[in-house]
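Those sequence lines, one after another, are chains A and B.
Residue numbers for the first sequence follow my numbering, beginning at 225 and rising by one.
Residue numbers for the second sequence follow my numbering, beginning at 225 and rising by one.
Just so you know, these hints were derived from the structure itself, not from any lab.
Among the hints, a few may not be true.
Repeated chains share a single entry, so a pair holds when one copy, or any two copies, can fit it.
Calculated lysine to any residue pairs in the SDA-like style (CA-CA distance at most 20 Å, straight line) [what the hints assert, rightly or not]:
id	residue 1	residue 2
1	Lys599	Thr295
2	Lys359	Met260
3	Lys318	Lys334
4	Lys412	Arg397
5	Lys568	Gln404
6	Lys346	Phe477
7	Lys246	Val333
8	Lys565	Met459
9	Lys568	Thr405
10	Lys651	Thr454
11	Lys551	Asp352
12	Lys368	Glu294
13	Lys568	Glu408
14	Lys565	Glu408
15	Lys565	Ile468
16	Lys359	Thr405
17	Lys473	Asp378
Since this is a predicted model, take the numbers as computed values, not measurements.
Number of protein chains: 2
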Amino acid sequence: MEKIGIVGGGLAGSLIAVYLAKRGFEVTLYEKRPDMRLNRISAGRSINLALSERGINALRKVGLDKQVLETGIPMSGRMMHRVDGERSYQPYGKEGQAIYSVSRGLLNVKLLELADEMDNIKIVFDSDCVGANLKTGEVRLKGKDGNTFTDTFDYVIGSDGAFSAIRQEMQGRSMFNYSQTYLEHGYKELTIPAGPGNTFLLEKNCLHIWPRESFMLIALPNLDGSFTCTLFFQMNGPLSFESIDNTEKLDAFFDQYFADAKPLFEDLHGDFFNNPTGTLCTIRCYPWSSGKMTLVGDAAHAVVPFYGQGMNCSFEDCVVFDEMFDKFYPDWEQLFEAYEKSRKPNADAIADLALQNFVEMRDLVADEDFLHFKKVEHELTELYPGKFKSQYELVTFTNEPYSYAREQGARNSELVKKIIRDNLENKLNDSEFMDTLFSEYIK
Amino acid sequence: MEKIGIVGGGLAGSLIAVYLAKRGFEVTLYEKRPDMRLNRISAGRSINLALSERGINALRKVGLDKQVLETGIPMSGRMMHRVDGERSYQPYGKEGQAIYSVSRGLLNVKLLELADEMDNIKIVFDSDCVGANLKTGEVRLKGKDGNTFTDTFDYVIGSDGAFSAIRQEMQGRSMFNYSQTYLEHGYKELTIPAGPGNTFLLEKNCLHIWPRESFMLIALPNLDGSFTCTLFFQMNGPLSFESIDNTEKLDAFFDQYFADAKPLFEDLHGDFFNNPTGTLCTIRCYPWSSGKMTLVGDAAHAVVPFYGQGMNCSFEDCVVFDEMFDKFYPDWEQLFEAYEKSRKPNADAIADLALQNFVEMRDLVADEDFLHFKKVEHELTELYPGKFKSQYELVTFTNEPYSYAREQGARNSELVKKIIRDNLENKLNDSEFMDTLFSEYIK
Numbered sequence: 225m226e227k228i229g230i231v232g233g234g235l236a237g238s239l240i241a242v243y244l245a246k247r248g249f250e251v252t253l254y255e256k257r258p259d260m261r262l263n264r265i266s267a268g269r270s271i272n273l274a275l276s277e278r279g280i281n282a283l284r285k286v287g288l289d290k291q292v293l294e295t296g297i298p299m300s301g302r303m304m305h306r307v308d309g310e311r312s313y314q315p316y317g318k319e320g321q322a323i324y325s326v327s328r329g330l331l332n333v334k335l336l337e338l339a340d341e342m343d344n345i346k347i348v349f350d351s352d353c354v355g356a357n358l359k360t361g362e363v364r365l366k367g368k369d370g371n372t373f374t375d376t377f378d379y380v381i382g383s384d385g386a387f388s389a390i391r392q393e394m395q396g397r398s399m400f401n402y403s404q405t406y407l408e409h410g411y412k413e414l415t416i417p418a419g420p421g422n423t424f425l426l427e428k429n430c431l432h433i434w435p436r437e438s439f440m441l442i443a444l445p446n447l448d449g450s451f452t453c454t455l456f457f458q459m460n461g462p463l464s465f466e467s468i469d470n471t472e473k474l475d476a477f478f479d480q481y482f483a484d485a486k487p488l489f490e491d492l493h494g495d496f497f498n499n500p501t502g503t504l505c506t507i508r509c510y511p512w513s514s515g516k517m518t519l520v521g522d523a524a525h526a527v528v529p530f531y532g533q534g535m536n537c538s539f540e541d542c543v544v545f546d547e548m549f550d551k552f553y554p555d556w557e558q559l560f561e562a563y564e565k566s567r568k569p570n571a572d573a574i575a576d577l578a579l580q581n582f583v584e585m586r587d588l589v590a591d592e593d594f595l596h597f598k599k600v601e602h603e604l605t606e607l608y609p610g611k612f613k614s615q616y617e618l619v620t621f622t623n624e625p626y627s628y629a630r631e632q633g634a635r636n637s638e639l640v641k642k643i644i645r646d647n648l649e650n651k652l653n654d655s656e657f658m659d660t661l662f663s664e665y666i667k
Numbered sequence: 225m226e227k228i229g230i231v232g233g234g235l236a237g238s239l240i241a242v243y244l245a246k247r248g249f250e251v252t253l254y255e256k257r258p259d260m261r262l263n264r265i266s267a268g269r270s271i272n273l274a275l276s277e278r279g280i281n282a283l284r285k286v287g288l289d290k291q292v293l294e295t296g297i298p299m300s301g302r303m304m305h306r307v308d309g310e311r312s313y314q315p316y317g318k319e320g321q322a323i324y325s326v327s328r329g330l331l332n333v334k335l336l337e338l339a340d341e342m343d344n345i346k347i348v349f350d351s352d353c354v355g356a357n358l359k360t361g362e363v364r365l366k367g368k369d370g371n372t373f374t375d376t377f378d379y380v381i382g383s384d385g386a387f388s389a390i391r392q393e394m395q396g397r398s399m400f401n402y403s404q405t406y407l408e409h410g411y412k413e414l415t416i417p418a419g420p421g422n423t424f425l426l427e428k429n430c431l432h433i434w435p436r437e438s439f440m441l442i443a444l445p446n447l448d449g450s451f452t453c454t455l456f457f458q459m460n461g462p463l464s465f466e467s468i469d470n471t472e473k474l475d476a477f478f479d480q481y482f483a484d485a486k487p488l489f490e491d492l493h494g495d496f497f498n499n500p501t502g503t504l505c506t507i508r509c510y511p512w513s514s515g516k517m518t519l520v521g522d523a524a525h526a527v528v529p530f531y532g533q534g535m536n537c538s539f540e541d542c543v544v545f546d547e548m549f550d551k552f553y554p555d556w557e558q559l560f561e562a563y564e565k566s567r568k569p570n571a572d573a574i575a576d577l578a579l580q581n582f583v584e585m586r587d588l589v590a591d592e593d594f595l596h597f598k599k600v601e602h603e604l605t606e607l608y609p610g611k612f613k614s615q616y617e618l619v620t621f622t623n624e625p626y627s628y629a630r631e632q633g634a635r636n637s638e639l640v641k642k643i644i645r646d647n648l649e650n651k652l653n654d655s656e657f658m659d660t661l662f663s664e665y666i667k
């Protein structure tokens, strides 16, 4: 069996290592950080993530789904906080459907533990990829001692994230399409601690949003009763991370826009002025494979976090990559090509949807017309569960291709607009009438 | 006065060196190739270029326009070659307007000669930029002997082309937007030699096009009577550079598609199989400046060659950059920012127009409806020279912003379509009627 190198032991890298080891390959996983099982440092800047069906499905295939869901907190809808403190709740899907707030660090540790149990996976920490030869399969790494060494594989998977060294090698090659596009917004994490006796100071089973048109605050619950909040805010300009440069301005800003949340923070000043400001970048490239190497996860398609699909999409890459072995192994060239051709349109679709959802989250969730639209859409979801699936449902609660979710989402939108425009809301229960409409709008 | 480093002594780099030296700065120009005045190697892969008003205007400011135009061949229109050998001619503009086929190598030499005459310009050849410190103004270079050395400047201009090392430094920085997008077509240069006594074997004062829908051949005249032809053709696929892999297939391909041109080549087989296949890439980025460095020309915005504007746009960068000194010097930060803000929308516009023109050149110039459209448009140009300017005219024969040319071009298109659709061609001479139409469509 071939010797496979995996560069990057984050979420996608450690999962794909397990998939490939299960197929019998000899796998070596290089990770630049120290062993996160020994040092509980944050495995990445965002502390918790929203796990949904695609991610759960990928974990199910290695028997980790139940364990992970037990440590996650189900969030069944959005709790929208208005400026005046009033709240409104929008369920994400049908009764019983939820996305899960999970700890990135804990999930990564579980995946590494699973990988470590397998005899044919070797994990090497503290090894930073500094270059590669796409043709020969050689990877150059810098160890903890600062010395550079090489390792050569039959095939290499670059799961080394948005600033991938493997992709960097591809970028210098002719005919490699590439783009990196930053939002003008950055983000900062702020913490709402648990209340007395590890109680939750906000409703536990929601994703909280404070939409403020050009910026927003969100909060996801953690197991210990705390919430990790993220402020998405302009980097520069008259009202921005740049402009809020002292505690008076910070207090005034929170008093004006997030008055109900402000008393819940323990150290707003410290969090705001000491935590790093992250940037939000969409990365697209093609092809994903060159010679003996291919890309998975953020290395191939970093997306903005507003659909909660970054990790889920990366895990789905691993599932699709794994499935290609049944069809194409041992023809790796065909396997790589079929994988990238299958995934690229879906990665592009979720990248677009994530950008669109930023506008929806920060702006439209506070808009009356939008709420009306959502209400009709939700009624269709409840009344016709087998037939009508919202875009959010398709993305979050199914394994249908993201590209289909985008297309059907656009058609759904036309359908709901027609219902509202033509005053057809009184016919929502008329299933014969609705079937005719569905046949026109649902493909 | 500040010490300015210029990285890259191609067309834009050598022109901007002269502009800056005229303003009194101490300029050092590093060029990776040997001195092209001593070694008449090709200064780049494309041998001749189409010089038009923006480029001429930039040369005018340093007194080189007349000299350069004397060595150029005016091309007053397109000569379209059909598959059956029939030809049709479309003028580019009004009587007397032309674009000029000039030699890239000769133009570069003239600019370097001019630079060399100036006491405050130092030119260093055989020095390849391998890195830079954007904050300190330090540039790292590799000399002819293979040794690396550094030079530090107050400010640095990266004019080092589509694969710019200075831009590469910027790309690693946060909030730097970047994309490189390849066409599926590549190109190859082929030569039609001069006839007996340096005569031209095709009409001299035209740009010749053999449009074949999914690919095309073009030819530009050279001073010595030869034509440099470029075949734009799919890189891969059933009919492509890849598929034509022996002389029989090559002959059959030219017999079928370019039968009138084929006998004119001297060494079609040699040219086709020995000349390199070039790729066609659009590069966009933003911002163009960081710290003490900024970008001009292809380093900031490589465009595909189908509008003949790559060099003209780069020269216009130099003009705009130079004009910023009148307003902002000695505030370099403001100067860099005003320059990039002014140029970015125009660079984006010409990048888009160049991509669109590829479709027009290879496909539409052989289409009856398109020729009808062009005929009406040309009549408007001739009848209302002060009022109606075609997009081609705006791009090629004026110094109006490219972004305006794109917008007005779209409005022109609506206007001409309306005239054809509403059977108004008999009113083209009715200036009162046309004025009403113009007031609606021309901004």
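Right, here's what the structure says about each hint:
1. Taking the shortest Cα distances, Lys599 and Thr295 never come within 20 Å of each other, neither inside one copy (32 Å) nor across copies (71 Å).
2. When the C-alpha separation of Lys359 and Met260 is checked against a cutoff of 20 Å, the pair qualifies neither within a copy, at 32 Å, nor between copies, at 35 Å.
3. Taking the shortest alpha-carbon separations for Lys318 and Lys334, neither the intra-copy value of 30 Å nor the inter-copy value of 73 Å comes in at or below 20 Å.
4. Taking the shortest Cα distances, Lys412 and Arg397 sit within 20 Å of each other only across copies (19 Å), while inside one copy they are farther apart (36 Å).
5. Taking CA atoms no more than 20 Å apart as the test, Lys568 paired with Gln404 passes in both settings, with 16 Å inside one copy and 17 Å between copies.
6. Taking the shortest alpha-carbon separations for Lys346 and Phe477, neither the intra-copy value of 50 Å nor the inter-copy value of 54 Å comes in at or below 20 Å.
7. Taking the closest pair of Cα atoms, Lys246 and Val333 come within 20 Å of each other only inside a single copy of the chain (19 Å); across copies the shortest separation is 63 Å, beyond that limit.
8. When the C-alpha separation of Lys565 and Met459 is checked against a cutoff of 20 Å, the pair qualifies only between copies, where the shortest distance is 18 Å, while the shortest distance within a copy is 36 Å.
9. When the C-alpha separation of Lys568 and Thr405 is checked against a cutoff of 20 Å, the pair qualifies both within a copy, at 17 Å, and between copies, at 15 Å.
10. Neither within a single protomer nor between protomers do Lys651 and Thr454 lie at most 20 Å apart by alpha-carbon distance, with minima of 41 Å and 63 Å respectively.
11. Taking identical chains as interchangeable, the C-alpha atoms of Lys551 and Asp352 are never at most 20 Å apart, the minima being 33 Å within one chain and 47 Å between chains.
12. With identical chains, the CA atoms of Lys368 and Glu294 are never at most 20 Å apart, being 35 Å at best within one copy and 64 Å at best between copies.
13. Within a single copy, Lys568 and Glu408 get their C-alpha atoms only as close as 25 Å, which misses the 20 Å cut-off; across copies the closest is 17 Å, which meets it.
14. Within a single copy, Lys565 and Glu408 get their C-alpha atoms only as close as 31 Å, which misses the 20 Å cut-off; across copies the closest is 16 Å, which meets it.
15. In this assembly of identical chains, Lys565 and Ile468 lie within 20 Å of each other by CA distance neither inside one copy nor across copies; the values are 45 Å within and 26 Å between.
16. Within a single copy, Lys359 and Thr405 get their C-alpha atoms no closer than 29 Å, and across copies no closer than 23 Å, so neither meets the 20 Å cut-off.
17. Proximity of Lys473 to Asp378 under the C-alpha cut-off of 20 Å is found in neither arrangement, the shortest distances being 57 Å within a copy and 37 Å between copies.
The structure fails hints 1, 2, 3, 6, 10, 11, 12, 15, 16, 17 (numbered hints given earlier, in ascending order).
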